[in-house]
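Let the sequences and hints guide you as you build the complete structure.
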Amino acid sequence: MEQLFYLLIPLGLCLFYLGIKYTIRFGRAKMLYEIPYVNKEGTFTLERAGTYGLWLSGKMFTKAPIGEFGFNVVDEKTGRSIPLTLSIMRARVNGITHSRMELYTFDAVPGTYRLSTVSYTHLTLPTNSRV
Numbered sequence: 000m001e002q003l004f005y006l007l008i009p010l011g012l013c014l015f016y017l018g019i020k021y022t023i024r025f026g027r028a029k030m031l032y033e034i035p036y037v038n039k040e041g042t043f044t045l046e047r048a049g050t051y052g053l054w055l056s057g058k059m060f061t062k063a064p065i066g067e068f069g070f071n072v073v074d075e076k077t078g079r080s081i082p083l084t085l086s087i088m089r090a091r092v093n094g095i096t097h098s099r100m101e102l103y104t105f106d107a108v109p110g111t112y113r114l115s116t117v118s119y120t121h122l123t124l125p126t127n128s129r130v
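According to our numbering, the residues represented by the sequence shown are 0 to 130, in order.
A hint or two may mislead.
Unchecked claim - Pair by pair, the computed Cβ-Cβ distance ranges are: (1) Q2 to F43: 44 to 54 Å; (2) L14 to R79: 14 to 24 Å; (3) Y21 to A107: 13 to 23 Å; (4) N38 to L85: 47 to 57 Å; (5) Q2 to L53: 22 to 32 Å.
If you're looking for bench data, these hints aren't it; they were derived computationally from the structure.
Yeah, the Cβ is synthetic: ideal placement off N, Cα and C, and Gly gets one too.
As structure tokens, this is what we get:
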């Protein structure tokens, strides 16, 4: 039993490190572009390369349309679609009346991008997402 305790110490330290890392990353995050659901597409510009997130924002205690639509991010310069990765540890921010949740992340270089929503059923994933 004592050996198990010593084996769990590195695991706890790793989880502590990841918790601090994601908390700092979340605290430094800023919103670059906001699009209402009724607008099906819009463009935004990134000034630095990095990992970015796509968030869903809405009122608390209402039905969210998760599973009814997806996102597609296209590089305007090359016309290539940027692969989206499902966010495993979904970050959430809750206020009294509003909430937001990270759905996808993607890696991008500086440039102009087009964000659009695509409709799909909750049984399928977008073709450009990785699990």
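Hints, verified against the model:
no.: 1; hint: Q2 to F43: 44 to 54 Å; result: holds, 52 Å
no.: 2; hint: L14 to R79: 14 to 24 Å; result: violated, 36 Å
no.: 3; hint: Y21 to A107: 13 to 23 Å; result: holds, 19 Å
no.: 4; hint: N38 to L85: 47 to 57 Å; result: violated, 23 Å
no.: 5; hint: Q2 to L53: 22 to 32 Å; result: violated, 43 Å
The structure is inconsistent with the numbered hints 2, 4 and 5, although it conforms to all the rest.
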